[in-house]
Each structure stands twice: as C-alpha cells, then as structure tokens.
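Use the sequences and the hints to build the structure in full.
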Amino acid sequence: MSERERSTLYELMGGAETVRRIVEAFYPKVQQHPLLAPLFPSNIDPVIEKQILFLSQFFGGPSLYSDVHGHPMMRARHMPFPITQERADAWLGCMAEALTEVGLPQDLRDFLLDRLKGSAYHFINTPEDE
1 MSERERSTLY
11 ELMGGAETVR
21 RIVEAFYPKV
31 QQHPLLAPLF
41 PSNIDPVIEK
51 QILFLSQFFG
61 GPSLYSDVHG
71 HPMMRARHMP
81 FPITQERADA
91 WLGCMAEALT
101 EVGLPQDLRD
111 FLLDRLKGSA
121 YHFINTPEDE
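Residue numbers (my numbering): 1 to 130.
A portion of the hints provided could be inaccurate.
In silico PhoX-like pairs for lysine-lysine, Cα to Cα no more than 25 Å straight-line [what the hints assert, rightly or not]:
| # | residue 1 | residue 2 |
| --- | --- | --- |
| 1 | Lys-117 | Lys-50 |
| 2 | Lys-29 | Lys-117 |
| 3 | Lys-50 | Lys-29 |
Here are the in silico distance ranges between beta carbons for each label pair [what the hints assert, rightly or not]:
| # | residue 1 | residue 2 | range |
| --- | --- | --- | --- |
| 4 | Leu-113 | Ser-7 | 16 to 24 Å |
| 5 | Asp-107 | Val-68 | 16 to 24 Å |
| 6 | Pro-127 | Met-74 | 31 to 39 Å |
| 7 | Gln-106 | Glu-11 | 15 to 23 Å |
| 8 | Gly-70 | Asp-107 | 16 to 24 Å |
| 9 | Ser-66 | Gln-106 | 28 to 36 Å |
| 10 | Leu-9 | Ser-42 | 14 to 22 Å |
| 11 | Ser-7 | Thr-126 | 31 to 39 Å |
| 12 | Gly-15 | Thr-126 | 32 to 40 Å |
| 13 | Leu-35 | Ala-76 | 19 to 27 Å |
| 14 | Thr-8 | Glu-128 | 35 to 43 Å |
| 15 | Leu-9 | Pro-127 | 31 to 39 Å |
Source of the hints: derived by calculation from the structure; they are not laboratory data. Just so you know, these numbers come straight off a predicted model, no measurement behind them. Even for Gly, the Cβ is constructed at its ideal location relative to N, Cα and C.
Printed below as a string of structure tokens:
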C-alpha cells in the first residue's frame, strides 16, 4: 500500500485549513439561498464552527466534533428542521460551489460530494409538499 493510499481523506483534501476554507465559502451561499437561509440563524458563526468540527471528523481528521459535542447523531440533530429533497439538493449545490471556489481538483470534489450525498439525503424528514 502506498503512502497516498494510507492518507485520510482529510489529509488528501488539505486538512484543517482546507476544511475551514470550504465551510467559510459554503455558508455565505447557504445564507443567500431562498430554501436554506430560513433554516439558519442570522448569527451563523456558531454554525460555521460546528460544521468545521464535524467535517474535519467526517472526512477522517481528528474527532473534534465528538470531543466537544458528543456523538454527532446528525439525523436527530436535524429533525427539528424541515428538510426536503429540494433542500438537500440545494445544500449539496451550495457545497459543490464552495468546493469549486476553494480550488479542489474535480475528482476530489466529486468524491467529497458523493460522501456528503448520503448524509444530505439521510436527513430528509419532510415531504416536498410541506
């Protein structure tokens, strides 16, 4: 097994600095999206910090989120918010834009988005017509 194959996704994408850049590029897009903005508080800073912790852990980096907030239980944490397929798609679209904005290679962007799709669609808890 080569050194590259042993690297975590977190390391391959550039570690803490890249995760922060992605999240900081992502949330302004979310705040401007008509389907997503109403789900988030006007003071987005605490959300940004939690997302940095979570994505670091999700992509194989240090267990920052669990160390601070306990087990992620992301589906349960998202249940109070009406998440439709359309909103999940919008979230993924904003993330795709952020990944492009920070300059990640296309193959890595595709891989990261594929990993995130499972979670985004797992959080759907509301039919489209609500």
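Now for the hints, and whether the structure bears them out:
no.	hint	in the structure
1	Lys-117 to Lys-50	holds, 19 Å
2	Lys-29 to Lys-117	holds, 18 Å
3	Lys-50 to Lys-29	holds, 17 Å
4	Leu-113 to Ser-7: 16 to 24 Å	holds, 19 Å
5	Asp-107 to Val-68: 16 to 24 Å	violated, 32 Å
6	Pro-127 to Met-74: 31 to 39 Å	violated, 20 Å
7	Gln-106 to Glu-11: 15 to 23 Å	holds, 19 Å
8	Gly-70 to Asp-107: 16 to 24 Å	violated, 34 Å
9	Ser-66 to Gln-106: 28 to 36 Å	holds, 31 Å
10	Leu-9 to Ser-42: 14 to 22 Å	violated, 32 Å
11	Ser-7 to Thr-126: 31 to 39 Å	holds, 38 Å
12	Gly-15 to Thr-126: 32 to 40 Å	holds, 35 Å
13	Leu-35 to Ala-76: 19 to 27 Å	holds, 22 Å
14	Thr-8 to Glu-128: 35 to 43 Å	holds, 36 Å
15	Leu-9 to Pro-127: 31 to 39 Å	holds, 33 Å
Of the numbered hints listed earlier, those contradicted by the structure are 5, 6, 8, 10.
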